[in-house]
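S.K.: Use the sequences and the hints to build the structure in full.
Be aware that the sequence shown starts at 1272, since it is given in the working numbering, and climbs by one per residue.
Careful, some of the hints might be misleading.
If you anchor each label on the Cβ, the simulated ranges turn out as follows [unchecked claim]: (1) R1357 - F1294: 17 to 23 Å; (2) K1355 - F1287: 25 to 31 Å; (3) K1388 - I1465: 33 to 39 Å; (4) S1400 - E1445: 45 to 51 Å; (5) K1355 - L1443: 20 to 26 Å; (6) K1355 - D1460: 44 to 50 Å; (7) T1302 - T1461: 24 to 30 Å; (8) L1331 - N1295: 19 to 25 Å; (9) T1461 - N1295: 50 to 56 Å.
Simulated from the structure, these hints should not be mistaken for lab results.
Every residue, glycine too, gets a C-beta built ideally from N, C-alpha and C.
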Amino acid sequence: MKITFTSLKEQDIQFFKEKLRNFNLKFFNETIDKIPLEEIQDTEILSIFVFDRLDEKLILKLKKLKLIITRSAGVDHIDIEYCKKRGIKIAHMPAYSPKSIAEHTLAMILTLTRKLKKIGKNLEKMDYSQSEDIIGVDLDELSIGIIGTGKIGSWTAKLCKYLGMKVYAFDLVESEELKEMGIEYLDLDTILKIADIISLHVPYTPQTHHLINKERINKMKKGA
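M.R.: See below:
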């Protein structure tokens, strides 16, 4: 079985060599569009990352391809419909580091509410003035709308709730655990009208494309 890895970090190569020692392996640091076709055209399993774009034109040239594994939660970088026609299976990592992503979301929220970018620039200039444009706001004075309460969205909602924020949620499938914590599920348009912050945690699909469009932005709370 021939397996090709693309967009791989050097420190990860040894791990795969040890775990898959009985397979024919190829490793590339580059994204797939930078790799000569002759190096990968006989691969049967392809392990990629989000920066590898697999469209019909490229997949068509991989005649022996049977399985695509993306080391990510999202799969929007793969032409799924064409893979279905070819009978090529696709695997992904839906539980890929949800806590890390949720914590990064919280860091972005704090960057905005505590004006950290502005303060950082001031400090670089040794400007220690207490101007009004760096005055922040306490999180427990704010409300947040979590759109999508899968693993990442749920953990984000919990972090915000623990910090005293009023948390609203929207998802087609409601989490009983979140509701027991006092997190209220509402329809999307209502959340847009009342939330100070909107945080999106949905997969990119044709159904979620432009989920937040001009019409919905106009419905958002003033100052959100």
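S.K.: Give me the numbers of the hints this structure contradicts, sorted from smallest to largest.
M.R.: 3, 6 and 7
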